[in-house]
Amino acid sequence: MGHLIPSSIAPYVLPVVYAVVIVAVLPLLAGYIVLLERKVMADMQARLGPMRVGPHGLLQPIADAVKLLLKEDIIPANADKLMFWMAPLVSVTMALLAYAALPIGPAFQIADLNVGLLFILGISSLGIYGIVLGGWASNSHYSLLGALRSAAQLVSYETAAGLGLVSALLLAGSLSMKEIVQAQYDQGTWFIFSVPVGFFIYMVGSIAETNRAPFDLPEAESELVAGYMTEYSGFRWSLYFLAEYANMIIVAGIATTLFLGGWLRPFARWHDHFPGTSLEFFDVIPSLVFLAAAAYCFYLAPKQPVQIQKIVMAAFGAACLLLAGAMAAALFASPAVMAGIHGAFWFMAKVVAYLYGFLWFRFTFPRYRFDQLMRLGWRFLIPLALVNVIDVGIAIILRQELGWSPFWAMLLMTLVTLGVAMWLASEGAKPATTLQPADTEI
Amino acid sequence: MILNQILFYFFALLAIGSAILMVTRRNIVHSAVFLISTLLATAGIFLQLQAEFLFVVQIILYVGGIMVLFVFVIMLVNLDVALRQIQFNRQKYVAAVLAVVLTAQVFFALWVVRGDPNLTKSADKMPVRNTEAIGDAIFQHYMLPFEIASVLLLVAMIGAVVMAKRRV
Chain A
60 MGHLIPSSIA PYVLPVVYAV VIVAVLPLLA GYIVLLERKV MADMQARLGP
110 MRVGPHGLLQ PIADAVKLLL KEDIIPANAD KLMFWMAPLV SVTMALLAYA
160 ALPIGPAFQI ADLNVGLLFI LGISSLGIYG IVLGGWASNS HYSLLGALRS
210 AAQLVSYETA AGLGLVSALL LAGSLSMKEI VQAQYDQGTW FIFSVPVGFF
260 IYMVGSIAET NRAPFDLPEA ESELVAGYMT EYSGFRWSLY FLAEYANMII
310 VAGIATTLFL GGWLRPFARW HDHFPGTSLE FFDVIPSLVF LAAAAYCFYL
360 APKQPVQIQK IVMAAFGAAC LLLAGAMAAA LFASPAVMAG IHGAFWFMAK
410 VVAYLYGFLW FRFTFPRYRF DQLMRLGWRF LIPLALVNVI DVGIAIILRQ
460 ELGWSPFWAM LLMTLVTLGV AMWLASEGAK PATTLQPADT EI
Chain B
231 MILNQILFYF FALLAIGSAI LMVTRRNIVH SAVFLISTLL ATAGIFLQLQ
281 AEFLFVVQII LYVGGIMVLF VFVIMLVNLD VALRQIQFNR QKYVAAVLAV
331 VLTAQVFFAL WVVRGDPNLT KSADKMPVRN TEAIGDAIFQ HYMLPFEIAS
381 VLLLVAMIGA VVMAKRRV
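Protein chains in written order, with this note's numbering: chain A, 60 to 501; chain B, 231 to 398.
Some hints here could point you the wrong way.
Derived pair list, reagent style DMTMM-like, types lysine to aspartate or glutamate, alpha-carbon separation capped at 20 Å [to be verified]:
1. A/Lys237 to A/Glu131
2. A/Lys126 to A/Glu96
3. A/Lys98 to A/Asp123
4. B/Lys395 to A/Asp342
5. A/Lys237 to B/Glu362
It should be emphasised that the hints constitute simulated quantities derived from the structure, not laboratory data.
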């Protein structure tokens, strides 16, 4: 490769390839998350969900994408044309830009910044401009109200989510995404077990930041039609949609890296704690997962009603088989290749698990009222997050200065934090004595 | 090297061009957008100087925080009325004097450090990484000023709350 590419641009080649792959794959991924969402929703509501396009609706995302691209593009007469045109681009650009620092496995990362986490947080928070400007440019009351709600909500919950992340950062001692995962490997535990309260705060905050139910006030259809996207149609609308799902994957990636051990497999350091024993069968799990998926596809293939659907189902099975083969082949490759491929598998598996939690939330909880949303953010989550950061700091001091074992220090301080959480919750349940200015509706 | 220069001139032109557009637009939302673009271009120049932390802080605080609140407030203002009002407070001469003084200051600073070999060096050869160095400086050498500044901000915040509450 060194002969083919001049040395002056050689360091840029691999990152550019990764970037192109991410930009190309992400829309497809977003489409399949939508399908997953519809299927999970259908399952929880005892329905079947999309079944027509492809076997079990497996080709539905492609049909949806084609439909959106072919739809008429409408710009309202009184809209601010330039802003209307720019807003969805801002949303989607910022969502995609944030992937630059996200490590998908130890090998697949565009750039390992030493402020990687802050970069992702900062860039992805810029996506709000797409929503606010789009809502304003539409020149419609529903859109503007949706945009204002979105801005207020983001500013409120970003603080809580950021403080939730700080509790894990105190343990990691670095802002580089790679070093955060490495710290979890070195300490032999995922940070979700050290700071469970921090994980909970981040999870709630991230749902609110991505405007997902039960915090989807900016696009509450019963009150605001579709919020900031009301006037958008066709391709521009789909850009907003893409940005929303890209942001969901980003927050899931942050949570995975900070709290769920990033690309580490479960029990990554088992043989260090228990010499002589080993849980190497965890390395076979990626293959087995894809093998099981392939077997299920082949089992379902003959049961499809139409010939073409049988073929498509079998093709999906063959693709899973291929992936299973690749995972198995990685076991016999060099350790770096193996770590890269299996790391990517575990990372994606954790991201999907986190997103499943998002969907589960959405179909379990009814939507908040706006004043309830603000009260939860400012009166419960932010104070709790502050207390949590202080408690984690105390636990680290107990460990380092007084020589407590990490387990007992963390357990004690987590219990203290939970006690504070219960006190805050009981305070919040009391009826407000005076009219609170913060409760006025937007 | 040439790529570096292209990037620098790109960010510099973007910053200056957006700044000019910001003060000349009549629509206040457009002005806000151009201000955001200026801040982002400045952040890009910080990144080029290997000051990652400043770059990120610029984005999170100014672009992601303060400007969001600006835009938020602008949207609550009735723009149709605002457009018919006087946009500028007619302090042309004061502004001109200030601009000349600021420019002179920049040139004076450049003149003072002329010939210093460190001027053209980037920070990537530093033994301590940027973020850690800033943390050390703030929380060890400048602990007291930092705390005073934060208390000042807290006072301002409480003051704002008290003044807002009085009117309800």
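Against the structure, the hints come out as follows:
1. A/Lys237 to A/Glu131: It is violated: about 44 Å lies between the C-alpha atoms, which goes past 20 Å.
2. A/Lys126 to A/Glu96: holds (19 Å)
3. A/Lys98 to A/Asp123: holds (15 Å)
4. B/Lys395 to A/Asp342: Violated - the C-alpha atoms of A/Asp342 and B/Lys395 are around 60 Å apart, more than 20 Å.
5. A/Lys237 to B/Glu362: holds (17 Å)
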